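Those sequence lines, one after another, are chains B and E.
Residue numbers are given in my numbering: position 74 of the first sequence equals residue 74, and the series is strictly consecutive.
Residue numbers are given in my numbering: position 67 of the second sequence equals residue 67, and the series is strictly consecutive.
None of these hints come from the bench; they were simulated from the model.
Check each hint, because a few of them may be wrong.
[What the hints assert, rightly or not] List time: in silico BS3-like cross-link candidates among lysine-lysine, alpha-carbon distance up to 25 angstroms: (1) 318(E) - 121(B); (2) 27(E) - 75(E); (3) 218(E) - 195(E); (4) 207(B) - 191(B); (5) 75(E) - 28(E); (6) 112(E) - 159(E); (7) 270(E) - 218(E); (8) 126(B) - 81(B); (9) 81(B) - 318(E); (10) 57(E) - 75(E); (11) 28(E) - 136(B); (12) 148(E) - 187(E); (13) 110(E) - 159(E); (14) 246(E) - 187(E); (15) 57(E) - 131(E); (16) 318(E) - 25(E); (17) 172(E) - 147(E); (18) 27(E) - 386(E); (19) 386(E) - 81(B); (20) 218(E) - 187(E); (21) 81(B) - 301(E); (22) 30(E) - 218(E); (23) 318(E) - 136(B); (24) 251(E) - 30(E); (25) 27(E) - 136(B); (26) 389(E) - 19(B); (27) 220(E) - 121(B); (28) 389(E) - 81(B); (29) 251(E) - 270(E); (30) 147(E) - 113(E).
[Claimed, not checked] Where chain B lies over chain E, by a calculated footprint (3+ residues, C-beta under 8 angstroms): (31) 13-19; (32) 23-32; (33) 248-255; (34) 293-306; (35) 389-395.
All of these numbers come straight from a predicted model, not from anything done at the bench.
Cβ coordinates follow ideal geometry from the N, Cα and C atoms, glycine included.
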Amino acid sequence: MSFIEINNLSKTYYSGEQKISAISDVNITIDRNDFVSVTGASGSGKSTLLSLLGGLNIPSSGNIIIDGINVFSLSSNQIAKLRREYIGFVFQSFYLINYLTVEENILLPLSITDYNSSQQKFKLDKILERVGLSDKKGRLVDELSGGEQQRVAIARAIINDPVIILADEPTGNLDSSTGNQILDLFEELNKDGKLVIVVTHDDNVKKRTSNVIVFRDGRVEQ
Amino acid sequence: MLRNGREEFKWFNMRLYNISFQSLKRKKTKTALLIFSLFLSVVSVITLLIVSTEVEKNISHNLDEFGANILITPKSNELNYSYGGINLGQVTYETNSISEDELYEIQKIKNKKNISVIAPKLLILSSIADKDVVLAGINFEQEIRVKKWWKVIGSQPSKENEALAGFHLKNKFNLNINDTVTIENSKFIIAGFLKETGSQDDQTLFLSLQKVQAMFNKEKQISLAEIAALCYDCPIEEIVSQTSQKLPNAKVTALKQTIESKMTAVQFFKDFSYGVSAIIIIISVLMLFSSLNASLNERIKEIGIYRAIGFNNIHIIKLVVLEVFISSLFAAVLASISSYWLADLILPILTENSNTIISFNWLNPIWAILIAVSMAMLSSMYPIYKALKLNPSIALRSL
Numbered sequence: 001m002s003f004i005e006i007n008n009l010s011k012t013y014y015s016g017e018q019k020i021s022a023i024s025d026v027n028i029t030i031d032r033n034d035f036v037s038v039t040g041a042s043g044s045g046k047s048t049l050l051s052l053l054g055g056l057n058i059p060s061s062g063n064i065i066i067d068g069i070n071v072f073s074l075s076s077n078q079i080a081k082l083r084r085e086y087i088g089f090v091f092q093s094f095y096l097i098n099y100l101t102v103e104e105n106i107l108l109p110l111s112i113t114d115y116n117s118s119q120q121k122f123k124l125d126k127i128l129e130r131v132g133l134s135d136k137k138g139r140l141v142d143e144l145s146g147g148e149q150q151r152v153a154i155a156r157a158i159i160n161d162p163v164i165i166l167a168d169e170p171t172g173n174l175d176s177s178t179g180n181q182i183l184d185l186f187e188e189l190n191k192d193g194k195l196v197i198v199v200t201h202d203d204n205v206k207k208r209t210s211n212v213i214v215f216r217d218g219r220v221e222q
Numbered sequence: 001m002l003r004n005g006r007e008e009f010k011w012f013n014m015r016l017y018n019i020s021f022q023s024l025k026r027k028k029t030k031t032a033l034l035i036f037s038l039f040l041s042v043v044s045v046i047t048l049l050i051v052s053t054e055v056e057k058n059i060s061h062n063l064d065e066f067g068a069n070i071l072i073t074p075k076s077n078e079l080n081y082s083y084g085g086i087n088l089g090q091v092t093y094e095t096n097s098i099s100e101d102e103l104y105e106i107q108k109i110k111n112k113k114n115i116s117v118i119a120p121k122l123l124i125l126s127s128i129a130d131k132d133v134v135l136a137g138i139n140f141e142q143e144i145r146v147k148k149w150w151k152v153i154g155s156q157p158s159k160e161n162e163a164l165a166g167f168h169l170k171n172k173f174n175l176n177i178n179d180t181v182t183i184e185n186s187k188f189i190i191a192g193f194l195k196e197t198g199s200q201d202d203q204t205l206f207l208s209l210q211k212v213q214a215m216f217n218k219e220k221q222i223s224l225a226e227i228a229a230l231c232y233d234c235p236i237e238e239i240v241s242q243t244s245q246k247l248p249n250a251k252v253t254a255l256k257q258t259i260e261s262k263m264t265a266v267q268f269f270k271d272f273s274y275g276v277s278a279i280i281i282i283i284s285v286l287m288l289f290s291s292l293n294a295s296l297n298e299r300i301k302e303i304g305i306y307r308a309i310g311f312n313n314i315h316i317i318k319l320v321v322l323e324v325f326i327s328s329l330f331a332a333v334l335a336s337i338s339s340y341w342l343a344d345l346i347l348p349i350l351t352e353n354s355n356t357i358i359s360f361n362w363l364n365p366i367w368a369i370l371i372a373v374s375m376a377m378l379s380s381m382y383p384i385y386k387a388l389k390l391n392p393s394i395a396l397r398s399l
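Turn these sequences into a full structure, and let the hints guide you.
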């Protein structure tokens, strides 16, 4: 049995009276240690798949089973808990809270857990070292470069030690050198046992992943 | 380690309240605007509350002093002469009287602080030039305090041989200032007249109480007394009951019509203040609602981020409520302090009394907190509801 099973998944939006099918009848299985890239043209449905995988959106039909849990049979609070414990998100635009410092942004997921002060500090120091931001933990995120901000976002995504990392165009706003550093980081995380799923347009990203899923017009091509 | 190159780095335990604190601390302009709009509303209401309470006290005090609200008469069924709505019969009032010493026992009642004026009277039927006349022995200073509507033409008698004539009595005997009248072989100079009052005072000749007592061998005796009691914080029935216990031989009557008129005036002012406060609160809630709604709309992306991290509805509610709660507490504290300062500026203008001292009431800061917190919570209910209904993926796409 695969770690993630996506069965007959469809998502339809309505724009006024017009029905738009974002993804249609998608069936995918992903293993526990995969490093997956999801590619396709703009509007092909790859980002919709990512938001459905993270429980940020509800499908029109079909289901997603993660580690044996049928995600959409859960209540909204249970889905939030699943996200908290299983999933870390990384976005193209970083989505950091700009009035918080680097350390505060990274620690956000722990603010709603039972980790005490010393446990938080231990985790933070370890992760800051890993993403190479130990000297910038007191800075406001707006003071950082794009690459550094993306590293803060990755640190925030992994501080809860999630099993799955969902990344939506993580290198889209970065130059190629910084993008490669971020991909190195994802590779390391995958080697550490995390399932990484990256939505991307970038061929360079595809080359570095173990499994490529191509979307065309809301359907999986291969 | 340095924070922003300036502050020394201090470790802390990241909790939800840290996010709220940092949001308030680092978004200074927005926080200041939120606190300022809450402050304006609360300071208006609390200042109005303080001012209305003080003005109410002032009105009540002035009304209490404006005319008696308790009448003390001897216990008798035979009186048939009318004074102050009480019959004082010609035949028996000479034998029915109260001792002046006994009257001043009223100053020993539990609510003695509420007794503002005691105006004793000795009423005698006598004659001037063979014409009947009612003489009233009074204490002029006390009487004028209890009858603020008296307009004296000439001067208030200050000597024992001076008299004050009622309006009709002056016309009946064609009296002028400095004229002399003879009563029971004693001569009295007319020091002044009363303008028409429309009461039995118009037919009365007012003399010094001690003089009348001496002339008619009624030392320390009085026929009745009018009392002005300050009833702002004490029910008149309580004062009447306490006075009756001290004066077992007297009938103590509350002039209910007077009291009701005063209470109506005071109540009107109270209702007016509450009405204005309610309008201020409603307008403020609408303004706050609009401000919080706009503020939350700006934070849609932020809410989407929290959702993606795994925050549930309760976490989002806690975050927003905590920010609003802290702001409203801060506004309430500022408003509590400022409202006393503002009331201190306004009160002398309203009461035309520069010596007005505002008494501190612990309830006012509590009211300030309750009003600020309730207003803020009420205003943030719909924006929070909207935030909870938000689809996280749409929130994240909002940029």
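Index of numbered hints that the structure contradicts, given in increasing order
2, 3, 5, 6, 7, 10, 12, 13, 14, 15, 22, 23, 24, 27, 29, 33
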